[in-house]
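Participant: Protein chains in written order, with the UniProt record's numbering: chain R, 1 to 606; chain Z, 1 to 606.
Derived from the structure by calculation, the hints contain no laboratory data. Please read these numbers as outputs of a predicted model, since none were measured by experiment. Just to be clear, a hint being listed does not mean it is correct.
Unchecked claim - Some chain Z residues judged to face chain R by a derived CB distance under 8 Å, without partners named:
1) G63
2) S104
3) V105
4) D108
5) H120
6) E154
7) A177
8) T338
Unchecked claim - To spell it out: a stretch of chain R is covered by chain Z in this simulated footprint if at least three of its residues, at any positions, have a beta carbon under 8 Å from a beta carbon of chain Z; those stretches are:
9) 19 to 32
10) 336 to 348
Stated by the list, open to error - Short derived list, chain Z residues pointing at chain R, Cβ under 7 Å:
11) L5
12) F26
13) E118
14) G119
15) D126
16) G159
17) P164
18) L173
19) L340
20) R395
Just so it is clear, CB atoms sit at the ideal spot from N, CA and C, and this is done for glycine as well.
Each chain is listed here by its residues.
Protein chains: 2
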Amino acid sequence: MRVGLADAVGRVTAEAVWARRSSPAFDAAAMDGIAVSSAATVGASETTPLRLPPDAYDVVDTGDPLPDARDAVVMREQVHYERTPAGPVAELRAAVPPYQHVRSVGEDVAAGELLLPEGHRLRAVDVAAAAAAGAVDLLVRRAPVVAVLPTGDEIRPLGGAVEPGQIPDTNSLMLAAQAREAGCEAVVLPIEPDDPARIAAAVHAAAAESDLVLVVAGSSAGRDDYTAQVVEQAGTLVVHGVAVRPGHPVVLGLVDATPVVGCPGYPVSAALTFDIFAAPLLAALQGAAVQRRPVTRARLSRKLASVVGMDDWIRVRLGEVAGRVVATPLSRGAGVLTSLVRADGLLVVPAGTEGHQAGEDVEIDLLRGLDEIRRTIVVIGSHDLVLDLAASELRRRDPRISLASSNVGSLGGLVAVRDELCHLAGSHLLDPASGEYTLPYVDRLLAGRDVAVVRLVHREQGLIVRPGNPLGLQDVKDLTRRGVRYVNRQRGAGTRVLLDHELTRRGLSPDDVEGYAREEHTHLAVAGAVAAGRADCGLGILAAARAYALDFVPVTTEPYDLVVTAGLLDAPVLAPLWELLGSAAFRAAVEGLGGYCTEETGRRIR
Amino acid sequence: MRVGLADAVGRVTAEAVWARRSSPAFDAAAMDGIAVSSAATVGASETTPLRLPPDAYDVVDTGDPLPDARDAVVMREQVHYERTPAGPVAELRAAVPPYQHVRSVGEDVAAGELLLPEGHRLRAVDVAAAAAAGAVDLLVRRAPVVAVLPTGDEIRPLGGAVEPGQIPDTNSLMLAAQAREAGCEAVVLPIEPDDPARIAAAVHAAAAESDLVLVVAGSSAGRDDYTAQVVEQAGTLVVHGVAVRPGHPVVLGLVDATPVVGCPGYPVSAALTFDIFAAPLLAALQGAAVQRRPVTRARLSRKLASVVGMDDWIRVRLGEVAGRVVATPLSRGAGVLTSLVRADGLLVVPAGTEGHQAGEDVEIDLLRGLDEIRRTIVVIGSHDLVLDLAASELRRRDPRISLASSNVGSLGGLVAVRDELCHLAGSHLLDPASGEYTLPYVDRLLAGRDVAVVRLVHREQGLIVRPGNPLGLQDVKDLTRRGVRYVNRQRGAGTRVLLDHELTRRGLSPDDVEGYAREEHTHLAVAGAVAAGRADCGLGILAAARAYALDFVPVTTEPYDLVVTAGLLDAPVLAPLWELLGSAAFRAAVEGLGGYCTEETGRRIR
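My request is simple: use the sequences and hints to build the entire structure.
Facilitator: Here's what the structure looks like:
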């Protein structure tokens, strides 16, 4: 199809573009000055200046066509005028070679020259160059049409009511957006129930109208997974299941000569299935090269095990610490779409590899620019909502700044500071022997290192319980009551250390607490488990209880601190954070979360 | 403004997005299998299998909600069934820990969690995650409106007639497209003549309706350059001229509180002015980080001088030779838009630097992906249209392949092979002593190196003259006739060597040829000079004469060869080219250009 130049940006050329006319189309002045005949200037010098009468030169600006009988330009700055009755006489103190400061016809494009190859994705400069070379429209390849077919009894359209057990159709929204980002038109079809006949009819209809059909979910081998069966019966099933994780229950086939991709229902699997299988296919349909992501080398912040026999696509956060890019793996769950949202890059662990050691040098496909990554504050350690609030507020103030926090517990954070894998560790580790927080651990783990500790907040820790506290839990000792189901934090988390301490103080043992072994990784996840009725109680912060409208029984107030190598205190990457901690508006927002005291916020306590 | 999720991709969040509901909203099976109560499985082992009656388990597929009273899932593969009258009894050979293979409520997003910060440019995964977390629409920042105001008496709208001395308005097309690529709305206003009052009125009107006004041309200091004056009188002139090349006559100011950028009229200057000044401003207006380009290190293929006191933005072609990325500078002319079209990267030589030596390691901002660059065939040397045709045909066959040729003359190409700066050198150097082409030069310049030479074509060289050959030029000796204006090729070009040889044979001297010192760098540029009437005659190939509908007086037939390090002959990067040279269709297309013989095309002559 032919499109006008303004509409051609982003499209792919369907034929080579040869220049029809030269640009510039005439010899033109390349400087402001006077146009002269070079032959007339022979002999001019400092000692024998040449005087040109008004009819022997023309004043020209850059871009003006060279007047007839002129073949060179003298820069304004090198001409002196003398007023005479006949008009200004120009004085030259040097001879001028032919074509000095002349932009020749065809300097940019010569007629007949190859301007753009076929299969080229057009950018702004390309269409402008085509226009200069005489094109008024361009033959471009048609944008492929992608049909997205959501299936599943439990899937509900976005925006409508979602009952328990039902799932909103976020995948179709995402896949259609990915298709549009890949330069295609996208159509989202109505949701089909788990009925192979209906799915088959919908696939046939979609295949007739589109260049690629994406069937969402039903690609696995469960009772209600019909995509492979439908493709096999309606056309040709080429592949069912690929050695890629997440995403391995992928279906690839052809129905009525149209390619069909069955995407897994887990959102990360669906997104990566598009990337790995649909995007190259769509690029090939457009006859253009698939856009590959830039890569960087990075140091892995922790050990990463991988199943041999599968390519493992690991989402990572990136930041630059001590002059090296550090990659921290995010959740590997196929259902954790936020791991893709938060990812700065992708690490592919090939099928033949068992994984990587901590500190190993790996290659990362970049999802964000390295300059943004260099302005990322890397926080590893305990989780606190104040860090989330700071991340949002820093970004609002300057869009180039990120704060990326990984929740591995306070102890893990201190280890990360030791190994130069983060800028800051969030910590609230209680030392039961001294009753002091964090500092005794710093002394032990970071002995001999010059480390600073900055107070972030004081915060209330307490029992998060269901609204109205139906079990009447008033103290940590109540956790040992029969039938009270507790939900704990992971090993190394300060809140778990706090529970252990409170139990010991009361002469109780972890074995007395039902659910002690059940681990969640954040305060919000603990509150979520209580809200869902999966547990009756968990230890956590007030703000998490509030987020889920749960009740809260205070247990203690504790300091939450940031641990940082002293040499990094003045690093430019951290300056915006220190400034933020000093802001009254930010402190007010923190107190507004509930359960926080900001009196000592920003104070260096070591 | 609030927009629906499907329309939000590419927009920038105007507020932080916090999760309103958890995703998943319920505990769900993470595997296909059976849901059980973990407590009921205590004690099961290989030696003491546990038998669960039909009412003690539920068959579940991945994603199904966990039924009441179940808290764990056993994978299908680990369950053996035994048929009984009461229904299938499930046999387990291991105890199941609580929450095994259960996807917990909030595993992806917990209600109350920060999902996306303010100022975040939304991608497909972001809107899908927002949908999963309960969002139905998002508050996004308004797209800035950019007004493009073309000015100049000589500027004509695109698509209309362009008389000699007039210039089509390609800059407005390009700047509007750049603004759209930057996520803005763009409006191109009617062209204003060089009249300060009219330009001022148009700038005021545009400022009232837009967030940024780009005034095209008139930013210099020539007679008709009014942008700075208009901005100064209508508002505040902040900057006039910046130390950036190309592009230094930039005007930056404010009119009625709207920023105004005066762009130079040279297209490369205009494009870079947008990149350097407008793009960061527009990103700031959207409150988002400007997209920075990835970078690479590269080896410079030739010396690059730069004016101290100016940042010099050099367009380069890139390719990988002998395992290293090589950067070859393109034309530095501000009017050579094709240098941006052909560029794979930008090299910024900072104001304080005098330039770089050949072979120096430099940092390049990438305009194309490194994987495409690795598949680029780098040809340095003489120019021939067959190389252009090959470039187009290779790209058509496989969009990931490029052939980049730099025209530095045959001799320069052989030096580039010697220094491992290219894969291939195009050469047609005549050795006057032996009458042989190229091989004697290879022996001298590449002595001791294992070099292969592959014939590309034989081609006719001759005198390119105006239609009808009005001066009746029949032989090289006619070039010495009084009043015949010749246009020559640059030093090191094979065609120049040929002229010298033909002159010597006839006992003539270069001094006898008017215009011998006038140099062009390609056959097409020579033909363009003749077509424009700037010269009467030039030596060149028939295809160039044909491109400009000029006449041609044959002088000789010569071989044009490709010189390559023998070790590279089998390199994968070159395989598509050798295949192409063997194709009958390609040979036919070459002969169709006129003046070519492909009888020996692809034959290795050494």
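Participant: Could you run down the list of hints and mark each one as holding or not?
Facilitator: Structure-based check of all given hints:
1. Annotation: G63(Z) was flagged as interfacial toward chain R, and the flag holds, the nearest CB pair being 6 Å apart, inside 8 Å.
2. A hinted interface residue such as S104(Z) counts as satisfied when its beta carbon comes closer than 8 Å to some beta carbon of chain R; here the least separation is about 7 Å, so the hint holds.
3. The beta carbon of V105(Z) comes within 4 Å of a beta carbon in chain R, closer than 8 Å, and the hint placing it at the interface holds.
4. At a threshold of 8 Å, the smallest CB-CB gap from D108(Z) to chain R is about 5 Å, leaving the interface hint in force.
5. Because the beta carbon of H120(Z) sits about 7 Å from the nearest beta carbon in chain R, less than 8 Å, this interface hint is met.
6. For E154(Z), the shortest C-beta to C-beta distance to chain R is roughly 7 Å, which falls under 8 Å, so the interface hint holds.
7. For the restraint placing A177(Z) at the interface with chain R, the shortest Cβ-Cβ distance is roughly 4 Å, inside the 8 Å limit, so the hint holds.
8. Residue-level restraint check for T338(Z) holds (minimum Cβ-Cβ distance to chain R is 6 Å; threshold 8 Å).
9. Residue count for the stretch 19 to 32 of chain R with a Cβ under 8 Å from a Cβ of chain Z: 8. That meets the three needed, and the coverage hint holds.
10. Counting residues of the stretch 336 to 348 of chain R whose CB lies closer than 8 Å to any CB of chain Z gives 5, which reaches the minimum of 3, so the coverage claim holds.
11. Because the closest C-beta pair between L5(Z) and chain R is about 6 Å apart, less than 7 Å, the hint holds.
12. Against a cut-off of 7 Å between C-beta atoms, the interface hint on F26(Z) holds, since the closest Cβ of chain R lies about 5 Å away.
13. Interface hint at E118(Z): satisfied, since its Cβ lies 4 Å from the closest Cβ of chain R, which is below the 7 Å cut-off.
14. For G119(Z), the suggested interface contact is upheld, since its CB lies about 4 Å from the closest CB of chain R, less than 7 Å.
15. Interface restraint check: D126(Z) against chain R, minimum CB-CB distance 6 Å, threshold 7 Å, status holds.
16. Because the closest C-beta pair between G159(Z) and chain R is about 5 Å apart, less than 7 Å, the hint holds.
17. About 5 Å separates the beta-carbon of P164(Z) from the nearest beta-carbon of chain R, less than 7 Å, and the hint is met.
18. Against a cut-off of 7 Å between C-beta atoms, the interface hint on L173(Z) holds, since the closest Cβ of chain R lies about 5 Å away.
19. A hinted interface residue such as L340(Z) counts as satisfied when its beta carbon comes closer than 7 Å to some beta carbon of chain R; here the least separation is about 5 Å, so the hint holds.
20. The beta carbon of R395(Z) comes within 4 Å of a beta carbon in chain R, closer than 7 Å, and the hint placing it at the interface holds.
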